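Taking the hints as your guide, dock the two standalone chains into a single complex.
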Amino acid sequence: MTLASLARKYEPRKVPDKRVATSAMIASLAAEGYDTVAAPFGHTLVEQARKDDRIVGLSADLSKYTDLHIFAQAMPERFYQMGMAEQLLMSAAAGLAREGFIPFATTYAVFASRRAYDFIAMAIAEENLPVKIVCALPGLTTGYGPSHQATEDLAIFRGLPNMALIDPCDACDVVGMVPAMIAHDGPVYARLLRGKVPTVLTRHKPDYRFELGRAQMIREGRDVLVVSSGIMTMRALDAADALAKDNVDVAVLHVPTIKPLDKATILAEARKGGRLVVTAENHTENGGLGEAVARELMLAGAHVPFRMIALPDAFLEAGALPTLHDMYGLSVDRVAQQIKGWL
Amino acid sequence: MSVQTRTMVRANMSLAMRAWNIRRKALLMGEVQGQGYIGQALGVADVLATSYFHAMDYRAEDPEWEGRDRFYLSIGHYAIALYAALMEADILPENELQTYGMDDSRMPMSGMASYTPGMEITGGSLGHGLGIAVGAALGLKRKGNPAFVYNLMSDGELGEGSTWEAVMSAVQWQLDNLICVVDFNNQQADGPSRDALAVGAEAPKWEAFGWHAQEVDGNDLDALVAAFDAARSLKDPRPRVIIANTTMCKGVPFLEAREITHFVRVEADEWAKALDVLEEGKPQ
Numbered sequence: 010m011t012l013a014s015l016a017r018k019y020e021p022r023k024v025p026d027k028r029v030a031t032s033a034m035i036a037s038l039a040a041e042g043y044d045t046v047a048a049p050f051g052h053t054l055v056e057q058a059r060k061d062d063r064i065v066g067l068s069a070d071l072s073k074y075t076d077l078h079i080f081a082q083a084m085p086e087r088f089y090q091m092g093m094a095e096q097l098l099m100s101a102a103a104g105l106a107r108e109g110f111i112p113f114a115t116t117y118a119v120f121a122s123r124r125a126y127d128f129i130a131m132a133i134a135e136e137n138l139p140v141k142i143v144c145a146l147p148g149l150t151t152g153y154g155p156s157h158q159a160t161e162d163l164a165i166f167r168g169l170p171n172m173a174l175i176d177p178c179d180a181c182d183v184v185g186m187v188p189a190m191i192a193h194d195g196p197v198y199a200r201l202l203r204g205k206v207p208t209v210l211t212r213h214k215p216d217y218r219f220e221l222g223r224a225q226m227i228r229e230g231r232d233v234l235v236v237s238s239g240i241m242t243m244r245a246l247d248a249a250d251a252l253a254k255d256n257v258d259v260a261v262l263h264v265p266t267i268k269p270l271d272k273a274t275i276l277a278e279a280r281k282g283g284r285l286v287v288t289a290e291n292h293t294e295n296g297g298l299g300e301a302v303a304r305e306l307m308l309a310g311a312h313v314p315f316r317m318i319a320l321p322d323a324f325l326e327a328g329a330l331p332t333l334h335d336m337y338g339l340s341v342d343r344v345a346q347q348i349k350g351w352l
Numbered sequence: 004m005s006v007q008t009r010t011m012v013r014a015n016m017s018l019a020m021r022a023w024n025i026r027r028k029a030l031l032m033g034e035v036q037g038q039g040y041i042g043q044a045l046g047v048a049d050v051l052a053t054s055y056f057h058a059m060d061y062r063a064e065d066p067e068w069e070g071r072d073r074f075y076l077s078i079g080h081y082a083i084a085l086y087a088a089l090m091e092a093d094i095l096p097e098n099e100l101q102t103y104g105m106d107d108s109r110m111p112m113s114g115m116a117s118y119t120p121g122m123e124i125t126g127g128s129l130g131h132g133l134g135i136a137v138g139a140a141l142g143l144k145r146k147g148n149p150a151f152v153y154n155l156m157s158d159g160e161l162g163e164g165s166t167w168e169a170v171m172s173a174v175q176w177q178l179d180n181l182i183c184v185v186d187f188n189n190q191q192a193d194g195p196s197r198d199a200l201a202v203g204a205e206a207p208k209w210e211a212f213g214w215h216a217q218e219v220d221g222n223d224l225d226a227l228v229a230a231f232d233a234a235r236s237l238k239d240p241r242p243r244v245i246i247a248n249t250t251m252c253k254g255v256p257f258l259e260a261r262e263i264t265h266f267v268r269v270e271a272d273e274w275a276k277a278l279d280v281l282e283e284g285k286p287q
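Protein chains in written order, with the working numbering: chain A, 10 to 352; chain B, 4 to 287.
Honestly, the hints are just simulated from the structure, not real lab data.
Hints should not be assumed to be uniformly reliable.
[Unchecked claim] Example chain B residues on the side facing chain A (calculated, C-beta under 7 Å, incomplete):
1) T125
2) G142
3) S172
[Said to hold, decoys possible] Calculated from the model, a selection of chain A residues having no Cβ within reach of chain B, i.e. all distances over 10 Å:
4) Y74
5) A192
6) H213
7) N295
8) D342
Keep in mind it's a predicted model, so treat the numbers as computed, not measured.
We put the CB at the ideal spot given by N, CA and C, even for glycine.
Pulled out of the complex, with its shape left as it was, chain B reads as follows (with noise of 0.2 Å):
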């Protein structure tokens, strides 16, 4: 499907719309586990939004689909905002959100390929993604198969070395179907990532080792949207990499303005005072 096909297809809901449905069900998820990286998955919304529903190619009725683009979530801990993604593309039943992370559901707090339809690989143990993305980006070349491969992952994963030597190989193997997305929140574990080993000048390393690197405002649509289209359509052999920076807690000002760390603390009342905020700031 060409790029202006999939857009007309689902050009019936803004991006903007995506974007906001996919916040509201991941505090709709936080609010039932009154826990979650709720911090990260408001971050990430709008790239999800633009892989979802402007980037990507998928059949939601069969989420393994030969075609399909493949969406890799390297950072299995933002499992609840990838869950709300695969629900508003209807590949994942919208009824089982109130299951999130309890007993038997099919959506654990950390991403796992064998419980979750549309989780391509079992995340979580960081640094993991793009090596793996290599081989199904080589695989996908040795079948002749032209879909992407796309690994979303963390600053903080910008620390593991097995992460650089996968940025090296997809260099060494020319992987143009191979697309990273990194999500800059500069906010890892123990504190600011640019405090740790993200210490600057991050596109600059990706090019340097021979990537077509983009710098964007991750929570900035249109400039998401120009980026993986530039990805898509680079007609040179080298892998793509889009240093997203994003906003912790992005679209609830209150949680925005808190003092941020790696797991937002939300107060059981305040769920429902974030889902009362984000309705303000609902999209036309």
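If we strip away everything but chain A, and leave its shape as in the complex, we get (with noise of 0.2 Å):
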């Protein structure tokens, strides 16, 4: 602890006038006006499995916090409740992926990235096994402070080979990557948005359909390209509406697959000049989307004006979730703010 935060630990506060609740979840996560689908993960999932026997689900007690509850009322004799025990739940799927199962296994991203990796190195990567981890409250979508923030789980998975990478944006993407998961011959970690979600991509791109390993132009733009990923592909798209008031035409590529990166599209967008290039991840600066992209126009030699909006290599403070999201760059103003200060 450094004396600052000392200091301030003994600090006595006064009742604030304007009163806002911590925001454990994400429900209040999309703008006013957009739809929502519920546990669009757990809808999707049952689906899927009613027409694939191989499909099983395990939770480390946080089914009901996963959408998975929904599969598991649905198929109880399909689902396992592995107790609060991480290891066991990643070793255990490895296990059941070994018998010719496809099992999803669901837990918050934090104990997955951060309690469970060995196990998911060893146990499920190394072996190029079939499970499928699926992770609520990824990046910086909860105000509990950092043993809930999962602020640099796409660093850590980065680095582990075989496995692929998803960070979805919205209902859409959830309800397409289940499948896509499934017919992906290895392991896959993916963020999860959970409750109600909103539908933002089709609203913008009605023909929108995810597929693994593919960015997509969702917003064409002559001044920015914003390469985002996740629901910084939600918050781009509003930011872009907010900039066009102020003549910045911004588009907006969706990434919502992290690893195997879509490296051509990428780099076809980025190489079509005159427009400042940004990427936006719900994900700390270091090891993650930003990085990815600025290594491959490195490599490919597009010496483009480059710009990232990512959380800062900290740990992040407890409070409402709007807040810390002005806080540190997240929301729809500061990122406007932001792409307006580099112009």
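Structure below.
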């Protein structure tokens, strides 16, 4: 603990005039006006499991908080409650996969990436087993502080061979990623949006469908190219609307698959000259989408103006999520403001 | 195949002879590399002989036969011992013995599933085998497959928290198709396991968690046969553990007498001597 934070610890506080509750979950993530879908992961998994006997579900005491309870209620004989034991969760999923099943293992992103890493690496990834790891509370999507904020999960898993990584934006992505994960013959780590999840992408691009490994242009624009993943695509689209009023024309390239990265599309778009390239991710600036894109640009000799919107290299604060998104640059206003400042 | 049939099929050679052959092959591999976890291999040879030549069902010509009993080597560094057993069982060709630990060998120093026929899992990062075995035992039950899952682990792995997560889960799911064997040689990397976390009362601990637990002399073939038979034929829904107390370097007295460490040092000229000493103790 730094001296500054120690001093803050012993500083008495006053009750604020404006009361904002800490939001544990992310139901309030979308701007007003977006439709929502309830538990898209749980319902889609049930649909898929009805067609495919190999699918089983496991959780480590977080089925309700990963929407896997929908599956557990619909197919109790195919659901395994592994208890509060994430190392076992991953090992047992590996064992089931060895016997021919396709296990969906759910927990929070912090627990999978930090606590269970060795078990994911050696029991699952090293043997390229088709275990599908689906994790709630990715990046900064809770106000509970660093114990629950998985700000470095993608950096951790990007280093792991064989593992595909998905960072969905909305309900369209969540619904689309489930069959894609089943079809993919290998391990997958997917960040999860749960509860009431907004429908964003099809509103901006009606024919949008998730495809594993594919980046897709959601919005065209002449001045700025935002390359984004996860909920930051939602933020980028809203910020683009706001910036249009200031005559700044922003394109948004949505990259829901972090690994394998759709290098060809990213490079092709970045090379359409004259645009500032901005990556946007709900993840630490270290080791995520921004660095992955920067590397591809450098290797290809595409020397374009480049900026990153990402979380800082720090353990983040607790508090209300909208406040934190403003504080760390993930809110629509802050995204728009940062882009304007770079032009 | 019933226990009786299986015993008859392989009765043409005694278990003692199988165990002796496993020790001999392990020593030959150690000689190839001038190193290896030979102390553990000599100690666990009787457990492996009982597993592969008394207890388990498998088809040597088809190591991935769906009906086989699964054998998980959680302790990857015991690979030298399992290679010897797999050769003795005709799952690995004996003429590859001289490739042990060499470039492009199918027998690396630590066991990995993708290298070796008959090596079911990638061990080595300790405390993994039992959790994977829980998942496999669940999967076998889901398929209605009556095979057993054997997990061979070391006493050092009793210190890993993940082991105890799996211990609790196996009871929760009533995994009567799971047999865990603990090679208790009281030696881990920095010294005696009894001075670390395996402080004692091992069988009562497992029993308290709800397992059927047996503690036996892991170098007594008759005791091992009885323990494996009891574990296989038990008619209640508990998972089963056999704690096998073994002696490092068993069968080579001058190594047994040496100050025992995790990685037993054998001088270049001692491999041949060890093989000679083993020869003197060859079963009749």
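Hints versus structure:
1. T125: holds (5 Å)
2. G142: holds (3 Å)
3. S172: For B:S172, the interface hint holds, since the closest Cβ of chain A sits about 5 Å away, which is under 7 Å.
4. Y74: With a cut-off of 10 Å, A:Y74 remains clear of chain B, as the shortest Cβ separation is near 20 Å.
5. A192: Correct as stated: the minimum Cβ-Cβ distance to chain B is 21 Å, above 10 Å.
6. H213: Per Cβ check, A:H213 is outside 10 Å of chain B; nearest 41 Å; holds.
7. N295: holds (25 Å)
8. D342: Given that every Cβ of chain B is farther than 10 Å from that of A:D342, nearest at about 45 Å, it holds.
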